[in-house]
Amino acid sequence: MSRIVPSKSIAVLVVSLLALSACGNDGQARRGTDTVKELAVLAKNRVLGQKTEPPAAPDPVAMIETIMREVPDAPLQFVLLENTGAFAISSIYGQNGNNVTWVTSGKKTMTLASGLLTATRGFGGDVMSVEDGGAAQLITERSAGQVQKTYRFLNGLDQTTRYTVNCSIAEGGTDQISLGDISTTARVMTETCTSNDAPGFTNTYWIDDEGRMVQSVQWGGSIGKIVFSRLRF
Amino acid sequence: MGETVFEKISKKLVGLGAVALCFASASVAQDLTTTKLNIMGRPGIVELPSAEMAPDGQIALSYTKHGNFKRTALTFQIAPRLSGTFRYSGIENWDGTVGTRWDRSFDLSYLLVEEGQNRPAVAIGMQDFMGTGLLSGEYIVATKSIGDKLRVSGGLGWGRLATYNPLGVSFGERGGRTDSRGGVPNFKTWFTGDIAPFAGVSYQFSDKMDLNVEYSSDAYSDEGERDLLDHKSPFNVSLNYKLGKSTSITAFFLHGSEAGLKFSASLNPKTPRVFGGLEAAPLPIRPRPSRSVDPLGWSGGWVAEVGDPKGIRKALATAMTKEGLTLEAMSLSATRAEVQFSNNRYNARSQALGRLARLMTRAFPPSVETFVLTETLDGTPIHSTILPRSKLEAYEFEPAGQILQATNFADPKGLAGDPLVPFEGAFPNNLWSIAPYVAVSVFDPQSPVRLDYGIRGKINYEVAPGLSLDASATVRASGNISAEEDDGNPTTLPRVRTSSVDYDSRFQVQTLTANWYSRPAENLFGRVTAGYLESMYGGVSGELLWKKPQSRFAIGAELNYAVQRDFVEVLGFQDYDVLTGHVSAYYAFENGFHGSLDVGRYLAGDWGATLSVDREFNNGWRVGAYATLTDVPFDEFGEGSFDKGIRITIPSAWFVGTPTTEENDFVIQSLTRDGGAKLNVDGRLYKRIRGMQGSDIESSWGRFWR
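As given, the protein sequences belong to chains Z and A, one line each in that order. Residue numbering for the first sequence follows the working numbering, beginning at 4 and increasing consecutively. Residue numbering for the second sequence follows the working numbering, beginning at 2 and increasing consecutively.
Check each hint, because a few of them may be wrong.
Output of the computed footprint for chain A on chain Z, the stretches with three or more beta carbons under 8 Å from beta carbons of chain A [to be verified]:
#, stretch
1, 97 to 103
2, 120 to 132
3, 176 to 187
Dumping the calculated BS3-like pairs for lysine-lysine here, alpha-carbon to alpha-carbon at most 30 Å [claimed, not checked]:
#, chain 1, residue 1, chain 2, residue 2
4, A, K271, A, K549
5, A, K315, A, K392
6, Z, K152, A, K392
7, A, K145, A, K271
8, Z, K228, Z, K152
9, Z, K110, A, K243
10, A, K549, A, K414
11, A, K246, A, K209
12, A, K189, A, K150
13, A, K549, A, K688
14, A, K209, A, K189
15, A, K323, Z, K110
16, A, K392, A, K209
17, A, K315, Z, K228
18, A, K246, A, K233
19, A, K392, Z, K110
20, A, K66, A, K209
21, A, K243, Z, K152
22, Z, K228, A, K246
23, Z, K110, A, K549
24, A, K71, A, K243
25, A, K315, A, K71
26, A, K189, A, K392
27, A, K311, A, K150
Here are a few chain Z residues that face chain A, going by a calculated C-beta distance under 8 Å [to be verified]:
#, residue
28, K110
29, G159
30, R190
Hints listed in this document are in silico derivations from the structure and should not be mistaken for laboratory results. Here the structure is a predicted model, which is why all the values come from computation and not from measurement. Just so it is clear, CB atoms sit at the ideal spot from N, CA and C, and this is done for glycine as well.
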């Protein structure tokens with residue numbers, strides 16, 4: 004190509020008309036506006052090195068008391084993300100077989116089967132599915148053993164990626180657990196998982212005499228460790 | 002209920018998403034990959050190339066300035082072993098009478114041999130391989146890494162890369178630069194003439210900084226003769242410094258005489274801001290109650306009781322609206338339910354299907370086992386996905402591949418079903434928006450970036466399924482795109498595109514059309530568009546496309562009668578009219594590469610063909626190139642000899658992390674000329690139909706359960 008251009012010549016880069024702020028009932032057009040706004044905030048934060056200041060966190064104990072009082076009968080579970088310290092109280096959104104899906108008011112869900120994490124949705128970098136290799140049975144029976152687990156995630160092209168780990172499940176001591184309506188003695192079970200090409204992780208579970216999960220700290224991929232505390236069965 | 006806290010989480014998770022799970026996608030060790038660019042804007046040493054490649058899919062933009070020279074380059078790692086570069090350079094004071102000389106160039110580089118334990122990687126490449134070739138040079142280069150930090154390269158250059166200290170052997174005579182218009186591959190000169198060696202080393206000091214030294218075989222002879230650069234030494238040095246994750250700055254010193262700076266930014270379409278998206282969780286599947294709990298529901302006896310399921314339609318439509326889906330029609334029998342819908346939110350079709358299927362488990366009585374989800378285009382049914390309800394219940398928390406095994410795709414036209422009842426609120430449907438806009442024009446030598454801005458209004462009125470009216474108009478507040486002047490090379494062709502700058506009214510009706518989409522037969526799709534088709538032409542456009550839901554091949558035909566619109570009068574026409582159209586063949590290759598060949602008559606009445614190749618990423622990114630050859634002789638076409646260009650489509654969702662079907666299209670045309678020009682009619686079928694069909698749905702199936 005590379006013709007040296009002696010006088011004027013035009014090569015035009017046609018940019019689709021980009022909506023900056025809009026009105027109307029066309030959702031896509033409005034969406035475009037949101038896009039630009041979000042990008043502007045991102046750019047600003049990048050340039051100024053600022054992080055969006057989170058609102059002051061409420062006191063978890065007070066929050067638990069309030070919600071226990073306001074929602075008298077339903078099963079409830081306290082959830083906390085170790086990476087950020089963010090927490091919420093979740094209720095049951097749906098149940099399919101052994102899989103119980105818990106939802107927060109921010110429309111993020113975590114699905115537990117016998118208390119073991121099988122999926123998250125709405126966090127970004129979600130756990131899409133988990134094959135537990137028999138871990139749930141060992142843990143709720145409070146027995147030691149070896150299992151192979153496979154976690155599935157989405158990559159940047161929306162393809163499913165696998166992360167397979169070998170886990171050894173061991174029985175620990177007992178702890179007294181008191182939170183919400185729960186007050187019980189629970190057996191501590193640990194699940195230590197390793198893989199060849201990445202650092203491993205440890206999940207910890209507290210199981211009561213009936214084999215129910217009272218509390219747990221579980222690995223959720225890029226979400227980090229998630230703490231689950233049952234407030235009411 | 003802790004909402005603010007969870008919003009806080011989502012905000013904090015943004016950063017995590019991007020670096021998510023590098024360990025999970027067992028990275029295929031790709032030898033010698035680098036995101037570093039040389040001052041020509043592609044992987045290399047200082048100015049000369051190396052055998053390094055960028056990570057697959059990487060896109061990099063760079064700007065270099067030294068002395069009289071400036072270069073803007075766009076490099077794309079087309080495939081793991083193939084890299085392509087488009088460059089726009091300016092040389093000041095090239096000769097006394099004219100200011101800056103502008104020059105476009107394309108490079109290609111191919112990795113022949115990957116690096117081994119004891120052998121170097123070897124690449125072969127061509128720089129500025131089309132046209133008069135001011136920068137033309139070819140090379141073979143080998144690069145070997147020694148430890149983690151040191152990389153050593155050595156190679157042989159031809160053409161420009163053999164102007165300093167040639168070896169004295171040569172591959173025949175290298176022709177001079179004779180073609181005055183450029184734009185044509187100069188096969189005859191590739192790898193001919195003198196040969197000269199070059200070499201260099203790169204040393205990575207830290208994560209942020211690296212130093213490069215090279216012995217260059219480029220003597221800058223032409224530039225030297227013109228006193229533009231004084232070549233005192235064959236050695237070049239550069240220091241790269243990474244400013245952020247994707248930006249870097251480079252300081253360099255060339256040929257013992259001149260210092261300069263380069264700034265570059267890059268990204269990879271494979272790495273969106275958030276993996277899997279930030280959008281809210283879907284409603285879970287509602288498994289059916291047991292037969293003993295709901296005997297009536299399981300028996301199908303409810304059909305007689307319910308009659309016309311008006312309530313179900315209404316409830317489903319409301320739930321679908323929350324998911325960004327629109328219910329257009331529905332059919333319901335004892336065992337089968339079909340939902341006809343349009344999707345305006347999810348770029349990944351599988352996600353729209355997954356969310357709709359979940360809603361359907363909540364809407365229909367237990368005896369309904371077969372779910373048919375039919376997506377429409379302007380109310381016309383395009384593609385059906387058939388899902389067994391029992392499998393949805395069974396596989397909700399299983400890998401997505403399992404439900405895919407149980408899924409069938411079909412053309413609704415060939416699908417036997419119950420009569421569909423339109424949803425009362427679906428038609429007529431009116432969508433409108435008023436928004437500011439910006440249009441950008443770059444590479445005009447007089448003014449590198451030109452901007453137009455103003456307000457644009459759009460209306461889309463769907464009268465009935467398949468029939469709609471579209472209008473869009475702009476009021477320009479300010480701008481200078483129309484101040485661009487023609488390149489002053491008049492040709493005998495009708496001025497079908499070069500006259501675009503004459504449309505400079507403040508108020509412009511871009512389009513005003515009636516559109517009709519139809520399904521003449523199974524696997525056959527039709528479109529008729531009439532009215533003001535685009536900013537320069539009005540008329541009638543008809544299109545037919547044959548495409549099977551799962552096939553890689555499709556064929557289409559388009560016929561248009563176009564009349565050129567008046568420069569000044571908003572709705573007026575000029576005398577020029579033309580019958581233009583194409584027969585098109587489309588093919589979807591492996592790995593997201595798509596090719597198409599259009600053969601037919603162009604706007605200026607010239608006959609010819611357009612070949613395009615695009616690489617599509619599942620998340621909506623598209624990078625491609627096209628070239629059009631017609632019976633217009635190169636002399637008459639004018640500068641560039643024939644029409645060609647690069648196009649990039651960027652999905653907004655990639656940056657934002659929440660779903661939107663919004664896209665931004667960028668087209669870099671080498672030059673806007675009158676030969677090989679096509680009508681820009683909206684709503685062309687192939688890409689829209691393919692995006693809704695089975696194979697494209699499957700490519701991002703992982704999102705079904707998201």
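Are the Cα atoms of K311(A) and K150(A) separated by 30 Å or less?
Roughly 70 Å between the alpha carbons, so the hint for K311(A) and K150(A) is violated.
Holds or violated: K71(A) with K243(A), Cα cutoff 30 Å?
Status holds; Cα separation ~21 Å.
Would the pair K189(A) and K150(A) pass a check requiring their Cα atoms to be no farther apart than 30 Å?
Between K189(A) and K150(A) the Cα gap is close to 40 Å, so the pair fails against 30 Å, i.e. violated.
Under 8 Å is the threshold here; is the Cβ of G159(Z) close enough to any Cβ of chain A for the hint to stand?
Status holds, d = 5 Å.
Hey, K110(Z) versus K243(A), does the alpha-carbon distance stay inside 30 Å?
The given pair, whose Cα atoms are some 39 Å apart, is violated under the 30 Å limit.
Take a quick look at whether K315(A) and K71(A) sit within 30 Å of each other, Cα to Cα.
Violated, at about 62 Å.
Could you grab the alpha-carbon distance between K228(Z) and K246(A) and see if it respects the 30 Å cut-off?
holds (26 Å)
Does K152(Z) lie within 30 Å of K243(A) when you go C-alpha to C-alpha?
violated (39 Å)
Holds or violated: K392(A) and K209(A), Cα atoms, limit 30 Å.
violated (51 Å)
Would the hint linking K549(A) and K414(A) be met if the CA-CA limit is 30 Å?
Roughly 11 Å between the alpha carbons, so the hint for K549(A) and K414(A) holds.
Satisfaction of hint between K688(A) and K549(A), Cα-Cα up to 30 Å:
holds (13 Å)
Restraint satisfaction for K110(Z) [CB to CB of chain A, less than 8 Å]:
holds (4 Å)
Of the hints listed earlier, those the structure fails to meet are numbers 3, 9, 12, 14, 16, 17, 18, 21, 23, 25, 26, 27 and 30, in rising order.
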